[in-house]
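Chains as they are written, first to last, in my numbering: chain A, 1 to 527; chain B, 1 to 310; chain C, 1 to 314.
Hint data in this document are derived by calculation from the structure and do not stem from the laboratory.
There's no promise every hint is true.
What the hints assert, rightly or not - Covered, in the sense of this in silico footprint (three residues per stretch, anywhere, with C-beta under 8 Å from a C-beta of chain A), are these stretches of chain B:
#1 156-164
#2 179-189
Said to hold, decoys possible - In silico DMTMM-like pairs for lysine to aspartate or glutamate, Cα to Cα no more than 20 Å straight-line:
#3 A:LYS202 x A:GLU182
#4 A:LYS107 x B:ASP237
#5 C:LYS305 x B:ASP181
#6 A:LYS334 x A:ASP438
The C-beta atom is built at its ideal place from N, Cα and C for all residues, glycine as well.
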Amino acid sequence: MRSKRVLALLIAMIMLISVALTACGKTNNATPTQSSESNGGTGSKEGLAALYPEVDFSKRVTINVYQLGAAPKDKDRVVAEINKIIEPEINTTLKLNFIDWADISTKYSLILAGGEDVDLVFTAPWNYYYQEAAKGAFLEITDEFLSRAMPQTKQTQHPESWDSVKINGKIFGVPKNVISPEHKFVAIREDLREKYNIPELKSWNDYENYLVTIAKNETPVSGIFGIAASANNAELRRVWGQQYDIFDGQNANIGPFAYLWNNGALPDDDFFVYWDSPYIREFCKRMKYLAENGAWSQDALSNTVSDDDAFANGTGASIAWNGTVYTYGKLAEKNIPGAKVSYWDLTPNSRVNAENYSNAIMAIATASKYQDRAGVLLDIMKNYTPVYRLYVGGIEGEHYTATKDGKRALGPKADDYPWDNCGWGIRRNDLLEQADRDPREVALDATFVDRMVLPPTNGFSFDQEPVKNEMAAIESIINEYQAVLELGMVDDVDATIDEMVSRMYQAGLEKVKEEFLNQYHAWLATR
Amino acid sequence: MRFINFVGDFTMSKLSKRNFSTDVIAFNIVGYVLLFLVSVICIFPFYLVIVGSFTDEATIISKGFNLYIPKFSLEGYKLCLKNPETILAAYRNTIFVTIIGTFLSVIMATMTGYVLQRKDFPWRNGFSFFFFFTTLFNGGLVPYYILCVRYLGFKNNMVALVLPSIFSVWNMIIAKSFIRDIPDAITESAKIDGANDFLIYIRLIMPLSIPLIATLGLFSALGFWNDWYSCMLFIDDESKFTLQYYLQRMLGSVDALRKLADKAGVPVPQLPMESMKMAMTVISIGPIILVYPFVQRYFVKGLTIGAVKG
Amino acid sequence: MLKRSASKYTSKSIGKLLYENRILLLMLLPAVLYTIVFSYLPMGGIVLAFKNFRYADGIFGSPWVGLTNFKFLVISGKLWPVTRNTILYNLAFIIVGMFFQILFAIVLSEVRGKKFKKIAQSSMFFPHFISWVVVAAIVYNIFNYEKGVLNNILVSLGSARVNIYNNPDPWPALLIFLKTWKGLGYGSVVYLAVITGIDQEMYEAADIDGANIWQKIFRITIPSLVPTIMIMLLLSLGQIFRGDFGLFYQLVKSNQKLLPSTDIIDTFVFRALMSTADIGMASATGLYQSVVCFITILIFNAIIKKIQPDYALY
Numbered sequence: 001m002r003s004k005r006v007l008a009l010l011i012a013m014i015m016l017i018s019v020a021l022t023a024c025g026k027t028n029n030a031t032p033t034q035s036s037e038s039n040g041g042t043g044s045k046e047g048l049a050a051l052y053p054e055v056d057f058s059k060r061v062t063i064n065v066y067q068l069g070a071a072p073k074d075k076d077r078v079v080a081e082i083n084k085i086i087e088p089e090i091n092t093t094l095k096l097n098f099i100d101w102a103d104i105s106t107k108y109s110l111i112l113a114g115g116e117d118v119d120l121v122f123t124a125p126w127n128y129y130y131q132e133a134a135k136g137a138f139l140e141i142t143d144e145f146l147s148r149a150m151p152q153t154k155q156t157q158h159p160e161s162w163d164s165v166k167i168n169g170k171i172f173g174v175p176k177n178v179i180s181p182e183h184k185f186v187a188i189r190e191d192l193r194e195k196y197n198i199p200e201l202k203s204w205n206d207y208e209n210y211l212v213t214i215a216k217n218e219t220p221v222s223g224i225f226g227i228a229a230s231a232n233n234a235e236l237r238r239v240w241g242q243q244y245d246i247f248d249g250q251n252a253n254i255g256p257f258a259y260l261w262n263n264g265a266l267p268d269d270d271f272f273v274y275w276d277s278p279y280i281r282e283f284c285k286r287m288k289y290l291a292e293n294g295a296w297s298q299d300a301l302s303n304t305v306s307d308d309d310a311f312a313n314g315t316g317a318s319i320a321w322n323g324t325v326y327t328y329g330k331l332a333e334k335n336i337p338g339a340k341v342s343y344w345d346l347t348p349n350s351r352v353n354a355e356n357y358s359n360a361i362m363a364i365a366t367a368s369k370y371q372d373r374a375g376v377l378l379d380i381m382k383n384y385t386p387v388y389r390l391y392v393g394g395i396e397g398e399h400y401t402a403t404k405d406g407k408r409a410l411g412p413k414a415d416d417y418p419w420d421n422c423g424w425g426i427r428r429n430d431l432l433e434q435a436d437r438d439p440r441e442v443a444l445d446a447t448f449v450d451r452m453v454l455p456p457t458n459g460f461s462f463d464q465e466p467v468k469n470e471m472a473a474i475e476s477i478i479n480e481y482q483a484v485l486e487l488g489m490v491d492d493v494d495a496t497i498d499e500m501v502s503r504m505y506q507a508g509l510e511k512v513k514e515e516f517l518n519q520y521h522a523w524l525a526t527r
Numbered sequence: 001m002r003f004i005n006f007v008g009d010f011t012m013s014k015l016s017k018r019n020f021s022t023d024v025i026a027f028n029i030v031g032y033v034l035l036f037l038v039s040v041i042c043i044f045p046f047y048l049v050i051v052g053s054f055t056d057e058a059t060i061i062s063k064g065f066n067l068y069i070p071k072f073s074l075e076g077y078k079l080c081l082k083n084p085e086t087i088l089a090a091y092r093n094t095i096f097v098t099i100i101g102t103f104l105s106v107i108m109a110t111m112t113g114y115v116l117q118r119k120d121f122p123w124r125n126g127f128s129f130f131f132f133f134t135t136l137f138n139g140g141l142v143p144y145y146i147l148c149v150r151y152l153g154f155k156n157n158m159v160a161l162v163l164p165s166i167f168s169v170w171n172m173i174i175a176k177s178f179i180r181d182i183p184d185a186i187t188e189s190a191k192i193d194g195a196n197d198f199l200i201y202i203r204l205i206m207p208l209s210i211p212l213i214a215t216l217g218l219f220s221a222l223g224f225w226n227d228w229y230s231c232m233l234f235i236d237d238e239s240k241f242t243l244q245y246y247l248q249r250m251l252g253s254v255d256a257l258r259k260l261a262d263k264a265g266v267p268v269p270q271l272p273m274e275s276m277k278m279a280m281t282v283i284s285i286g287p288i289i290l291v292y293p294f295v296q297r298y299f300v301k302g303l304t305i306g307a308v309k310g
Numbered sequence: 001m002l003k004r005s006a007s008k009y010t011s012k013s014i015g016k017l018l019y020e021n022r023i024l025l026l027m028l029l030p031a032v033l034y035t036i037v038f039s040y041l042p043m044g045g046i047v048l049a050f051k052n053f054r055y056a057d058g059i060f061g062s063p064w065v066g067l068t069n070f071k072f073l074v075i076s077g078k079l080w081p082v083t084r085n086t087i088l089y090n091l092a093f094i095i096v097g098m099f100f101q102i103l104f105a106i107v108l109s110e111v112r113g114k115k116f117k118k119i120a121q122s123s124m125f126f127p128h129f130i131s132w133v134v135v136a137a138i139v140y141n142i143f144n145y146e147k148g149v150l151n152n153i154l155v156s157l158g159s160a161r162v163n164i165y166n167n168p169d170p171w172p173a174l175l176i177f178l179k180t181w182k183g184l185g186y187g188s189v190v191y192l193a194v195i196t197g198i199d200q201e202m203y204e205a206a207d208i209d210g211a212n213i214w215q216k217i218f219r220i221t222i223p224s225l226v227p228t229i230m231i232m233l234l235l236s237l238g239q240i241f242r243g244d245f246g247l248f249y250q251l252v253k254s255n256q257k258l259l260p261s262t263d264i265i266d267t268f269v270f271r272a273l274m275s276t277a278d279i280g281m282a283s284a285t286g287l288y289q290s291v292v293c294f295i296t297i298l299i300f301n302a303i304i305k306k307i308q309p310d311y312a313l314y
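Just chain A, with the same shape it has in the complex (with noise of 0.2 Å):
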């Protein structure tokens, strides 16, 4: 009947056109071979633009990738190595370029604003990551464009890392794949410690003892400071603060207020401006009685010299920081002699931070050319280990060795391409850990890791462009009173901190309050 050979006909038409779009489907994928063979190149080996159907590598392309720091000397020739690899594989070349440290706060927005070919950079909370992103200078890092351009990160990445970068529920960056413990703890001068028989260090209240004896018997004859603080005693106060488990605006992105650990779970609105608080003005309180018994020199605010500097050199008597005290450690060890230089937590029952997913982002620029081809790019660099092992550590061999027991050693040209010395935005989990960490560290960084935890609020991030005047003259204001304080250098704590929150709130505090909260609410309601 009619109908029926209608039914036939469609029938028919359907499978002529699959036949024909899977022949279609067949060319696309040969072409990217073809194209790397006009490269005279060996030609795909791994088979790697496969994993990419959607994205067009027909064209040869320079994908240009940003890292903050000095470049290392053997830059050209490893990028030379991974472009050895790549080229074939995905017709692009990498071209690495580097901010240096010192240049950051000016040339870092300029190259984004600039009209540069930029397609990769990194970024990070503090690095201007949100103050960027609300300019539109990052690509937002939809769904369909991690299916798209990378897969591979799509499931490798832990989920968690991506709350850590959400911005009003967009992602901007693609963080790092990894977290570590972050926990500041204290380097003293063990050799001094035993001198004048101070007990072991387990807790706040041993350490000021420690400060205090090293203020009284030591500082008169050899003018060594139990602290020789310079500028602030920042560290110190993330040391206090640790003992309540406070989360502020430096672990989680929430402005200038704070909140206490409770077991995970997320606050109401028991939210508190951070140096209002009770905690806080303990703290001054304390650094005033350290300052007063001669903990640090009293022109300690206007030291030109760091305090990790000092004691490296045997002025200072001990130093608060993270894992950075280490080195600083090996150095006192080296120049004093007699130096001995012993490690403790002062809060060995609290939480410990992680450092967090988005400590390191690699963004996609959206003034880039070539968004896809630097998100494959990075999708690469992130998972194909050839590729990530030449990126974070140089030429094997040469650079690094990794050794039987699966880590590795400095090779013989290590200062020509420092390990990790770029690759801090595609960090993940096999990274290779280096052999011969003192015992020390290994030991104390044990009891770190059980302990550690995100913030409960990750993924919340305090948008402060409704805000920013207000914020700006916040900012301003705490920065004039933080040294101080910091230092113990006011005659009456209590009325110091009353007058900075008075300001505070004559700036607008309470109008970025309301502004949080609603934020907050509003992130809450989509949990």
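Starting from the known structure of chain A, fit chains B and C onto it as the hints suggest.
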């Protein structure tokens, strides 16, 4: 000992002159005292810097600056001169930029200054304001950068180190003021002889403005020599770095890194910062301080106007 | 006598004027081109002070936000104190600086003894090359409470230690001294060059009249310096709302005790914008400084023009 020699010389020279009056002696004594004090105040800190540059880092940190070298060390210099090829290239680049830049800069300032002081030039006030206005209002770094990089192709281009600094309104105004002191009679008589304005400028005005040229040359040379900002903005290629930027960067990066290292989780390199700062100061002063005595000979009285009468 | 420039009421046409002055105009061309390209073209960026800069829209497409970028200057309540500090310090720098620069220029030009003069002049230049960072370190070494040179001397003389860094009072004087010290060599060059250009005949005539050296200085040298002094004064006044950031930032840093007497516009704004890097707000500050400098120079140039038009800047 030296001072006694000076007093001796001075007295002898005075005795042999016709005018040997008390007021001149009094003036010279007062003058010498002042100059001596000022020299001490100016040399002393620099002396501390030199001593510091040869002192070991740990000593600087624990004992601060000293009058003598407690513990000799070349760490600071070694670090600054770590890459001899780069430093030599930087020196070369800087000298090149300074010479060309100074030459162009002096011409621009004097030529423009000459035109604007000509009383018979109808629009001199308008143009003066046109130039001066730019010292007041500034569009900011972003538009300037976009203009230079996107439209002028300054990226990694040595032109970027010279061109943006060749015209300084300040220098031009100084030139204008100087040249105005040259009597109009010169220009008038030259015009009668049929010379055009440009020839007058080159052949007559410039030779009569030796102190001016020396002054502007000095200022421009110092400006170009010390400029690291243009290099920071536009040059990425290490072989094109200028001396100041190369040195500044070494120092500034450790400084900045220290502030960021906490958050970045990046190890801070161990550099002898303090002695490096000192060594840097000495290295960057060296050449230019030799230029100054050379230029000084042009600051001699009567060099200009005498020629006019002749 | 060159004829005074023809005003617009002249009988000459504009074309004729242009032709007559063609060479002068040509000589002006390089500077004009330069100024247009490097100063006037980027000046359009001033609008950023009134906009919320978004990269995608570029400078001219970004949305207008009126005066919001200026708000942070006002709500902090510190705008007037820092402005006042900026002006007062700059005035002090100008007056004290010029006084010493002129003084030493005169001394250098009149004393005998070439070798000593050369040494003195060269040494006056050294401070110019020492960056404020290094100066701050040296100052700290002298004045610090526990180990400073000054306190060591005081202690050995039996008196009590002084704490300079906790006391805002000596700082204005200290900062003025440092600024003068740094600019002495550089600044005196201009005046020295002018002095060397003074007609020697005047001095010879004065000698014949039996004038002593003080009279020669006050009657000939200084009056000849007046035009230059006026120009330098006007140029400096045109920057009176812009502070020397390096000096204040390196010497004072974040020492809150010293801020009331040493905070200037540039350091205040730097602290406020340190973490935000907001282009609009930075632009707004620049515009604020530019406008007040402009008003200042308009007033003073007009005053000077009435008194002696030759000394005016335009």
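Subject >> Hints the structure fails to honour >> reply: 1, 2
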